[in-house]
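**Q** Take the given structure of chain G and dock chain L to it, following the hints.
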Amino acid sequence: MSDWVEACGADDIDEEDVMRFDHDGRTFAIYRSPDDEYFATDGLCTHEKVHLADGLVMDDIIECPKHNGRFNYKTGAARGAPVCVNLRTYPVKLDAGKILIQIG
Amino acid sequence: MMAKGMLIIGAGECGGQAALALRDLGYDGPVTLVGDEPHLPYERPPLSKDAMTSDAPAIKAIASDEILAERSIRHIHSVQAMAIDRATHGVRLSDGSVLPYSKLLLATGSVPRRLPMPGIGPRCVYLRTFNDALAIRAHLRARNRIAIVGGGFIGLELAAAARGLGATVTVIEAQQRILMRGVPAEIAKIIHETHQAEGVKILCGDAIAAIADDGAQVRIALAGGQDIVADLAVIGIGAVPVTGLAAEAGLTIDNGIAVDAELRTSDPDIFAAGDCCSFPLAVYGGRRVRLEAWRNAQEQGALAAKNMLGAGEAHAAVPWFWSDQYGLTLQISGLSDEGSKVVRRDLDDGAFILFHLAEDGRLVAASGIGPGNSVARDIRLAEMLIAKRAKPAPEALGSQTIKLKSLLAA
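Heads up: the protein sequence lines correspond to chains G and L, in order.
Residue 104 is where the first sequence ends in UniProt numbering, and the numbering goes up by one at each step.
Residue 410 is where the second sequence ends in UniProt numbering, and the numbering goes up by one at each step.
For reference, chain G alone in the conformation it holds in the complex (with noise of 0.2 Å):
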């Protein structure tokens, strides 16, 4: 698999936020954890296809910053109303400060 695709720098993310990646029509969040790991997942809310990366994050929660539908971005676990569909997930990398997802 070489479906790595270079997302942004490790430090255009604060620690505990998130950041929108758009790549070949698709769009991503990425995200920071407070302990600095990386994570990604979908870009956009399984309630109404709003962008995540305008939201909030909370330890390891993305909070929708239209309904404050709840997601683990660790897992993509859906943490209850109004979202009970779980976001996707993706493979992270970080490669001499680039961070990388596996977009497949």
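Calculated from the structure, these hints are not laboratory results.
Please note that the accuracy of each hint is not assured.
As the list claims (entries may be wrong) - With a straight-line cut-off of 27 Å between C-alpha atoms, the simulated DSS-like cross-links for lysine-lysine are:
{"no.": "1", "chain 1": "G", "residue 1": "K49", "chain 2": "L", "residue 2": "K60"}
{"no.": "2", "chain 1": "L", "residue 1": "K189", "chain 2": "L", "residue 2": "K49"}
{"no.": "3", "chain 1": "L", "residue 1": "K405", "chain 2": "G", "residue 2": "K74"}
{"no.": "4", "chain 1": "L", "residue 1": "K388", "chain 2": "L", "residue 2": "K306"}
{"no.": "5", "chain 1": "G", "residue 1": "K74", "chain 2": "G", "residue 2": "K93"}
{"no.": "6", "chain 1": "G", "residue 1": "K49", "chain 2": "L", "residue 2": "K405"}
{"no.": "7", "chain 1": "L", "residue 1": "K201", "chain 2": "L", "residue 2": "K189"}
{"no.": "8", "chain 1": "L", "residue 1": "K306", "chain 2": "L", "residue 2": "K4"}
{"no.": "9", "chain 1": "L", "residue 1": "K388", "chain 2": "L", "residue 2": "K403"}
{"no.": "10", "chain 1": "G", "residue 1": "K98", "chain 2": "L", "residue 2": "K405"}
{"no.": "11", "chain 1": "L", "residue 1": "K341", "chain 2": "L", "residue 2": "K405"}
{"no.": "12", "chain 1": "L", "residue 1": "K391", "chain 2": "L", "residue 2": "K405"}
{"no.": "13", "chain 1": "G", "residue 1": "K49", "chain 2": "G", "residue 2": "K74"}
{"no.": "14", "chain 1": "G", "residue 1": "K98", "chain 2": "L", "residue 2": "K403"}
{"no.": "15", "chain 1": "L", "residue 1": "K49", "chain 2": "L", "residue 2": "K60"}
{"no.": "16", "chain 1": "L", "residue 1": "K341", "chain 2": "L", "residue 2": "K403"}
{"no.": "17", "chain 1": "L", "residue 1": "K403", "chain 2": "G", "residue 2": "K74"}
{"no.": "18", "chain 1": "G", "residue 1": "K74", "chain 2": "G", "residue 2": "K98"}
{"no.": "19", "chain 1": "G", "residue 1": "K49", "chain 2": "L", "residue 2": "K49"}
{"no.": "20", "chain 1": "L", "residue 1": "K403", "chain 2": "L", "residue 2": "K391"}
{"no.": "21", "chain 1": "L", "residue 1": "K391", "chain 2": "L", "residue 2": "K341"}
To be verified - Derived, one-sided and incomplete: chain G residues facing chain L with beta-carbon distance under 7 Å:
{"no.": "22", "residue": "D54"}
{"no.": "23", "residue": "L56"}
{"no.": "24", "residue": "P65"}
{"no.": "25", "residue": "A81"}
To be verified - Listed next, with one range per pair, are the computed distances between beta-carbon atoms:
{"no.": "26", "chain 1": "L", "residue 1": "G361", "chain 2": "G", "residue 2": "Q102", "range": "45 to 53 Å"}
{"no.": "27", "chain 1": "G", "residue 1": "K93", "chain 2": "L", "residue 2": "R389", "range": "22 to 30 Å"}
{"no.": "28", "chain 1": "L", "residue 1": "G312", "chain 2": "G", "residue 2": "K98", "range": "49 to 57 Å"}
{"no.": "29", "chain 1": "G", "residue 1": "D14", "chain 2": "L", "residue 2": "D337", "range": "28 to 36 Å"}
{"no.": "30", "chain 1": "L", "residue 1": "G312", "chain 2": "G", "residue 2": "G104", "range": "30 to 38 Å"}
These numbers were taken from a predicted model, which means no experiment stands behind them.
Cβ coordinates follow ideal geometry from the N, Cα and C atoms, glycine included.
**A** Below, chain L alone, put in the same frame as chain G:
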């Protein structure tokens, strides 16, 4: 005792979420959800937005038939609840059947406030249900001149949708400005100007003197002398809680079905939640309020479910709502009338947030407006600060370079 099960009257956002929450919480007795509409429980916010503009409007169901079946939630639709017999713990329905309950939740919602004037006819309509939305949508596509009575959220969102469909739109508001209730003037002004730039005519501070609806068009005569002629008048002048069932059962009514912090009515086996109830808002010292908001309906539905199962948990949420008009989103958390001082924080792209502070410096509300979801994150952080009863430094709130999240940790 538990065999009678949990009965929920009202199958909207609140009732639907309560039914799902009962199962999420592990309750395995009977759960029955009764609604007077023919649809699955659905979300109402799209009715004044996407349902108008979409080519193929459909309900946004809270739970599909499959999910209701899988979770053993019995949904009885198209029936009215007629009477509660508190002594025997039963509710009589319009089809003659009687459903027993061990705990009952009233999630009866609200209905549009009627304009008490003679002359109202078939071209004067209200919006509450999906079927109402379909009827209005058909008119918006076929007719040209739309009058909106009431410059509140429903009316303004409909005005935006109607403009999107090319209609000529006039909004009539009796107050001196639009969005008098709950929205600061500085933000209402942005919304007003946006509507004007989009070609909506807004008339404020003028009362309706007479309405004549001949079934083909509506003539609205204003006290100031203007006559508005429209093919359709949508009346959006607020909502009233549905309390008849509760009142006839002898439950306490106080601007809605009165409940305590645990959403319990004056009968310990009957709860009420969502638009239909008034409740003490802990964050403002127990001030009794009634909210007409999607998130409140959702949260109170879930909380009522918990407490029907005996959790004894008090409501602690901060009010929050939003409105989308054109490309703008407004979000407000808290009740701005609790504040006496305002601090403004400017964000990118013309977006800004007004922080409302009480006399003692406590943050009590935040109102934001901007393109897309530009204010969402800061409004959410403000909500957390409000819940914490924080007293953030006004200079920090006003400074673009100080992250709100850093104030939360303080």
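**Q** For the pair K93 of chain G and R389 of chain L, does the Cβ-Cβ distance stay inside 22 to 30 Å?
**A** violated (43 Å)
**Q** Holds or violated: are the alpha carbons of K74 of chain G and K98 of chain G at most 27 Å from each other?
**A** holds (19 Å)
**Q** Does the alpha-carbon distance linking K388 of chain L and K306 of chain L stay inside the 27 Å limit?
**A** holds (23 Å)
**Q** Compare the distance between the alpha carbons of K405 of chain L and K74 of chain G with 27 Å, and conclude whether the hinted pair is satisfied.
**A** holds (21 Å)
**Q** Has the hinted range 49 to 57 Å been met by the Cβ atoms of G312 of chain L and K98 of chain G?
**A** With Cβ atoms ~52 Å apart, the hint holds.
**Q** How about P65 of chain G: closest beta carbon in chain L under 7 Å, or not?
**A** Cβ of P65 of chain G sits 3 Å from chain L, so the hint holds.
**Q** Going straight from one Cα to the other, do K403 of chain L and K74 of chain G come out at no more than 27 Å?
**A** This hinted pair holds, its Cα atoms lying about 24 Å apart.
**Q** Does the hinted range 30 to 38 Å hold for G312 of chain L and G104 of chain G at CB?
**A** Since G312 of chain L and G104 of chain G have Cβ atoms about 48 Å apart, the given range 30 to 38 Å is violated.
**Q** For a C-alpha distance cap of 27 Å, please report whether K341 of chain L and K405 of chain L respect it.
**A** Distance ~21 Å between K341 of chain L and K405 of chain L Cα, so the pair holds.
**Q** Taking 27 Å as the top limit, are the C-alpha atoms of K98 of chain G and K405 of chain L close enough?
**A** holds (26 Å)
**Q** Between K49 of chain G and K49 of chain L, does the CA-CA distance stay at or below 27 Å?
**A** With Cα atoms ~15 Å apart, K49 of chain G and K49 of chain L stay inside 27 Å; holds.
**Q** Restraint: A81 of chain G near chain L, CB-CB cut 7 Å. Satisfied or not?
**A** Holds, because the Cβ-Cβ distance from A81 of chain G to chain L comes to roughly 6 Å (cut-off 7 Å).
Violated hints for the displayed structure, listed by number in ascending order: 27, 30.
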